[in-house]
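> As a plain string of letters, each chain reads:
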Amino acid sequence: VASRVVFRSRFREASAHARRETHEAVEHALEEGRKRADIGIERINSSRGYQLPASTEKEGTGYHSGLIKYPEFYGVFFEMGFYNVPPMPFMRPAHRVMRKVFKQDMGHLFRGFRGL
Amino acid sequence: VTLLNEAAETDVGLEEYLAADASLTSMCNGVFSTFIGLASTPLPVVRFFQVEQDDLMNVSGTRVWTELIYQVEAVTNGPDTTEAREISQRLDELLHLLRGAQWGSVLVEEVVRRAPLFRKTVESGDPYVYAGGEYLFHVSAY
Numbered sequence: 001v002a003s004r005v006v007f008r009s010r011f012r013e014a015s016a017h018a019r020r021e022t023h024e025a026v027e028h029a030l031e032e033g034r035k036r037a038d039i040g041i042e043r044i045n046s047s048r049g050y051q052l053p054a055s056t057e058k059e060g061t062g063y064h065s066g067l068i069k070y071p072e073f074y075g076v077f078f079e080m081g082f083y084n085v086p087p088m089p090f091m092r093p094a095h096r097v098m099r100k101v102f103k104q105d106m107g108h109l110f111r112g113f114r115g116l
Numbered sequence: 001v002t003l004l005n006e007a008a009e010t011d012v013g014l015e016e017y018l019a020a021d022a023s024l025t026s027m028c029n030g031v032f033s034t035f036i037g038l039a040s041t042p043l044p045v046v047r048f049f050q051v052e053q054d055d056l057m058n059v060s061g062t063r064v065w066t067e068l069i070y071q072v073e074a075v076t077n078g079p080d081t082t083e084a085r086e087i088s089q090r091l092d093e094l095l096h097l098l099r100g101a102q103w104g105s106v107l108v109e110e111v112v113r114r115a116p117l118f119r120k121t122v123e124s125g126d127p128y129v130y131a132g133g134e135y136l137f138h139v140s141a142y
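Residue numbers (the working numbering), protein chains in the order written: chain A, 1 to 116; chain B, 1 to 142.
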């Protein structure tokens with residue numbers, strides 16, 4: 001006697017829709033992350049009187065993946081701090097925001113499938 | 001509802017905890033959570049900063065957990081990395097998987113390292129080495 005039943009969908013539209021929605025969730029997360037990083041830069045500027053450009057960029061590295069980057073070479077010094085300056089993280093909080101947004105979007109779109 | 005600034009309490013507790021370790025203090029000249037005194041202290045030193053803080057879980061206004069992320073690192077003169085690596089190893093022994101410590105009014109539920117940190121820089125012509133980690137603290141009001 002079978003102890004479980006397996007449903008297997010062969011409905012192409014379902015997988016296409018999932019791919020599209022996942023792509024949109026990634027895009028949304030990247031955009032929110034980019035905005036959060038720029039807010040961090042503005043905070044550094046206003047608290048310390050610097051004029052760092054708020055120019056964080058987002059870049060798709062695949063259909064379901066991407067990254068945000070701060071193009072200026074000195075960004076890492078402010079992110080991690082250096083001997084005479086404390087760290088003023090702006091990318092790490094942005095990363096946190098991206099994770100939250102992605103999970104939120106995916107949890108909404110794929111409700112009922114969470115945990116599988 | 002317990003009214004407490006977990007971030008502030010943990011900051012004080014962490015400094016005291018690290019400074020109280022004889023092995024760590026024998027390897028460095030001080031533990032700093034601010035820049036006061038850091039510039040006048042010869043390297044190597046240990047310093048830490050709060051990177052992020054968040055109330056992880058609230059139930060009916062009661063804070064169950066607060067999540068704090070610290071950047072904890074040794075700073076040494078470069079380019080030799082030996083001292084920095086030894087100190088960061090001791091820091092990891094002290095912090096990673098620390099559970100149940102009571103620091104003032106907060107209970108440290110768990111500490112885990114989220115990422116290792118290591119970098120070598122040249123600042124105003126002087127080489128520095130930084131080694132440590134990004135540690136995630138889950139604390140609650142005691």
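The set of hints was computed from the structure by calculation and includes no laboratory data. Since this is a predicted model, take the numbers as computed values, not measurements. There could be a bad hint or two in this list.
Said to hold, decoys possible - Computed far set for chain A versus chain B, every beta-carbon distance over 10 Å:
(1) Glu32
(2) Arg48
(3) Pro53
(4) Thr61
(5) Val76
(6) Asn84
Unchecked claim - Quick list of the computed label-pair ranges, beta carbon to beta carbon:
(7) A/His108 <-> B/Ala20: 16 to 24 Å
(8) A/Thr61 <-> B/Gln102: 42 to 50 Å
(9) B/Thr41 <-> A/His28: 41 to 49 Å
(10) B/Asp80 <-> A/Val6: 58 to 66 Å
(11) A/Phe73 <-> B/Ala115: 42 to 50 Å
(12) A/Pro71 <-> B/Ala115: 37 to 45 Å
(13) A/Arg43 <-> B/Gly100: 34 to 42 Å
(14) B/Arg99 <-> A/Lys103: 48 to 56 Å
(15) B/Arg119 <-> A/Arg43: 16 to 24 Å
(16) B/Glu123 <-> A/Ala18: 28 to 36 Å
(17) A/His23 <-> B/Ser23: 47 to 55 Å
Unchecked claim - Stretch-level coverage of chain B by chain A, calculated; a stretch enters the list once three of its residues show a Cβ under 8 Å from a Cβ in chain A:
(18) 43 to 52
(19) 107 to 121
Heads up, the beta-carbon is just placed ideally off N, CA and C, and yes, glycines get one too.
> Hints first: check each against the structure and report whether it holds.
Right, here's what the structure says about each hint:
For A/Glu32, the shortest C-beta to C-beta distance to chain B comes to about 16 Å, beyond the 10 Å cut-off, and the non-interface label holds. Annotated as non-interface, A/Arg48 keeps its C-beta farther than 10 Å from every C-beta of chain B; the closest such distance is 13 Å. A cut-off of 10 Å between C-beta atoms confirms that A/Pro53 is not in contact with chain B; the least separation is 22 Å. With a least beta-carbon separation of about 20 Å from chain B, A/Thr61 lies farther than 10 Å from that chain, consistent with its non-interface assignment.
Non-interface status of A/Val76 relative to chain B is broken: a Cβ of that chain comes within 10 Å, the nearest being about 8 Å off. For A/Asn84, the shortest C-beta to C-beta distance to chain B comes to about 7 Å, within the 10 Å cut-off, and the non-interface label is violated. Our hint of 16 to 24 Å for A/His108 and B/Ala20 is violated, since their Cβ atoms are close to 47 Å apart. Between A/Thr61 and B/Gln102 the beta carbons are some 45 Å apart, a value that agrees with the proposed interval 42 to 50 Å.
For the pair B/Thr41 and A/His28, the beta carbons lie near 46 Å from each other, so the given range of 41 to 49 Å is met. Separation of B/Asp80 from A/Val6 is about 60 Å and conforms to the stated range, judged on CB atoms against 58 to 66 Å. Against the hinted window of 42 to 50 Å, the Cβ-Cβ separation of A/Phe73 and B/Ala115 comes to about 21 Å, which falls outside the hint. In this structure the hint that A/Pro71 and B/Ala115 lie 37 to 45 Å apart at CB is violated, the actual value being about 22 Å.
Roughly 35 Å separates the CB atoms of A/Arg43 and B/Gly100, a value that falls within the hinted 34 to 42 Å. For B/Arg99 paired with A/Lys103, a C-beta distance near 26 Å fails the hint of 48 to 56 Å. For the pair B/Arg119 and A/Arg43, the supplied restraint of 16 to 24 Å holds, since their beta-carbon distance comes to about 23 Å. Take B/Glu123 and A/Ala18: their Cβ atoms lie about 49 Å apart, and the range 28 to 36 Å is violated.
Between A/His23 and B/Ser23 the Cβ separation comes to about 51 Å, which falls inside the hinted range of 47 to 55 Å. Only residues whose C-beta sits within less than 8 Å of a C-beta in chain A count toward coverage, and the region 43 to 52 of chain B has 3 of them, enough to reach three; the restraint holds. With a cut-off of 8 Å between beta carbons, the region 107 to 121 of chain B has 3 residues touching chain A; three or more are needed, and the interface restraint holds.
Consistency note: the structure conflicts with the earlier hints numbered 5, 6, 7, 11, 12, 14, 16.
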